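Enquirer: Below, each chain spelled out in residue letters.
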Amino acid sequence: MIELIGVTKLFGGRAAVRDLHLTVPTGAFCALVGTSGCGKSTTLRMINKLLPHDGGQIHIDGQQISQFNEQTLRRRIGYAIQSTGLFPHWTVAANIGLVPNLLGWPKAKVQERTRELMALLGLDEGTFWHKYPSQLSGGQAQRVGVARALAADPDILLMDEPFGALDPITREHLQNEMLRIQSRLRKTVVFVTHDMDEALKLATHVGVMHEGRLVQLASPETLLRQPANGYVESLLGSQDRGLKLAGLKTLAEVVQPDDKWIGTAARGQTVLNLSDSARTALSAMLWSGQNCLPVRNEQGQLVGEVTLDQLCRLSESKA
Amino acid sequence: MNQRPYPLAAAWQLNPVWLITLGWVLCLGLAVWGMPHLEGFFRWLEPGQRQVIYQRDAFAFLLLNHMQLVAVSAAMAIVIGVGTGIIVTRGWGRDFLPLVSQVASIGQTFPPVAVLALSVPLLGFGAKPVILSLVLYGLLPIMRNTLVGLNDIDPAVRESARGMGMSPLQVLVRVELPLALPVMLAGIRTSVTINIATAAIGSTIGARTLGDPVIAGLINGNLAYTVQGAVLIGLLAVTVDQLFAAITPKRHG
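Here the protein sequences come in this chain order: B and W.
Residue 154 in the numbering used here sits at position 144 of the first sequence; the count goes up by one each step and never skips.
Residue 313 in the numbering used here sits at position 247 of the second sequence; the count goes up by one each step and never skips.
Pulled out of the complex, with its shape left as it was, chain B reads as follows (with noise of 0.2 Å):
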């Protein structure tokens, strides 16, 4: 758990972040949005002490952070950044085996540890792991880059901006493995990043930061149904709340499976899944000019259907 309290940090007399409170749950994806220079950076850094806090205190498992050493504290916090900051002189595996080898773990347990990632974030060992960060595609590295911050398994991991540089195809790629990985993982995560759509889609609390304050805590729909000030909805994009909030929404919390569907052939040519979100299928509807849509399982097996009659009371509906 990471508790913020009352944390205040200047830069040259300028407060960039100004008392903010904020508690993430361990287990929990709390993504930090806003504009540039909101302060969201400048928080995630002084959670690994990389800046100094001048005001309050945050505390880590309900110790101080000023309590521990810098290094020890860092070696227990994964960490990863927009630029990955891989080390260009040391190969794919040198650069994942990074921290525990500053923990001293014995040699075969590192290299065990490197294959394992490699396989986590789906790096083919035989290419990559002789490989140079130069050698790498953006998307690759930054993979390299989450490697490296799970590599000693720490409790808690920060990521500044991780997938801000990459195109739109490798992101969307990159935000579904992190969501893969943190649903077998579970660590405790605050995610910086001023896509908000990026952060609808990965976190259980999304923190809106302007002007070095916290404006609201809340989960994706929550913040969605219910956005504190107009800040907040202008982040959210006042014309398409709708589908965001669809978005948020799986099928399988529409539709009710019935075992009378089973065996029975679709009709038309679009077959939605049940772990499509509402909002695809709203777009299935418009690209098919149908308003019913059939929809299957995970083996394939058609379970159901869904109407846009239900697609609309889904989001009327009060959480």
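Among these hints, one or two may not hold up.
[Claimed, not checked] Short, incomplete list of chain W residues facing chain B, as computed with Cβ under 10 Å: (1) LEU111; (2) GLU112; (3) ALA222.
[Claimed, not checked] Simulated restraints on C-beta separations: (4) B:ALA175 x W:VAL83: 33 to 41 Å; (5) B:GLY136 x W:ALA312: 26 to 34 Å; (6) W:GLN236 x B:GLN311: 51 to 59 Å; (7) B:ALA175 x W:ALA126: 56 to 64 Å; (8) B:ASP71 x W:PRO221: 29 to 37 Å; (9) B:GLY37 x W:GLN236: 53 to 61 Å; (10) B:LYS119 x W:VAL138: 45 to 53 Å; (11) W:LEU189 x B:GLN77: 51 to 59 Å; (12) B:HIS140 x W:PRO177: 46 to 54 Å; (13) W:LEU130 x B:GLY136: 33 to 41 Å; (14) W:PHE162 x B:GLY174: 49 to 57 Å; (15) B:ALA175 x W:LEU189: 51 to 59 Å; (16) B:GLY23 x W:VAL83: 18 to 26 Å.
These are calculated hints, taken from the structure and not from any lab test.
Fair warning: this is a prediction, and the values are worked out from it, not measured in the lab.
Heads up, the beta-carbon is just placed ideally off N, CA and C, and yes, glycines get one too.
Based on these hints, arrange chain W on the given structure of chain B.
Expert: For chain W alone, coordinates are given in the frame of chain B:
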């Protein structure tokens, strides 16, 4: 892989650059050993002289002494140059950066001959004033390249090194210095090569260098002596320069 341009190097599993270096070392050795045997050529060059081969000291002795002077002064310049370069790029030393750059620039602009002249009354004749002037003259390229090398490192690399929990010393030794090494070596290479030539003027104040035959030749109007010293100095400079080319690590990618 099976079409190496240097078959001999491939056979020995050797980087071809080492073969070239070895070639220059052999050349230098051959020149030191063979110079007295070229009497016929030098007699043709200076038919009027009674003696055409420099004989006051053996060339090998002068060469070793010359190299020793350059090596000692280079070692001192590296310690001072790299050391101050590191200090002024740390957070706590950054205030000294302008001062240090200025001092090093002055060291370079001050002619070594003037340093010799000024330091003889203090340090006496011989090797000491020569080393002083060589250190001052060779400091700037080393320090400047150390600064450039360290400042050119991607700030994200330094940030992530700290963020991963490396101590300041670990960041310096395992990340910053290895990344800056090629640029630093280039500075040391420039400094040493220049100082191999500059060390010859030490002969004017009694240090024993390959400048001895050159100076003796100039004083006595004996072109043969001068050529002998100059050829050896030139060969030494090229050989050492090639040696640096061989040890400079390749950047990845």
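Enquirer: Now tell me if each hint is right for this structure.
Expert: Consistency of the hints with the structure:
no.: 1; hint: LEU111; in the structure: violated (52 Å)
no.: 2; hint: GLU112; in the structure: violated (55 Å)
no.: 3; hint: ALA222; in the structure: holds (4 Å)
no.: 4; hint: B:ALA175 x W:VAL83: 33 to 41 Å; in the structure: holds (37 Å)
no.: 5; hint: B:GLY136 x W:ALA312: 26 to 34 Å; in the structure: holds (33 Å)
no.: 6; hint: W:GLN236 x B:GLN311: 51 to 59 Å; in the structure: holds (56 Å)
no.: 7; hint: B:ALA175 x W:ALA126: 56 to 64 Å; in the structure: holds (60 Å)
no.: 8; hint: B:ASP71 x W:PRO221: 29 to 37 Å; in the structure: holds (31 Å)
no.: 9; hint: B:GLY37 x W:GLN236: 53 to 61 Å; in the structure: violated (31 Å)
no.: 10; hint: B:LYS119 x W:VAL138: 45 to 53 Å; in the structure: holds (47 Å)
no.: 11; hint: W:LEU189 x B:GLN77: 51 to 59 Å; in the structure: holds (55 Å)
no.: 12; hint: B:HIS140 x W:PRO177: 46 to 54 Å; in the structure: holds (51 Å)
no.: 13; hint: W:LEU130 x B:GLY136: 33 to 41 Å; in the structure: violated (52 Å)
no.: 14; hint: W:PHE162 x B:GLY174: 49 to 57 Å; in the structure: violated (36 Å)
no.: 15; hint: B:ALA175 x W:LEU189: 51 to 59 Å; in the structure: holds (58 Å)
no.: 16; hint: B:GLY23 x W:VAL83: 18 to 26 Å; in the structure: violated (55 Å)
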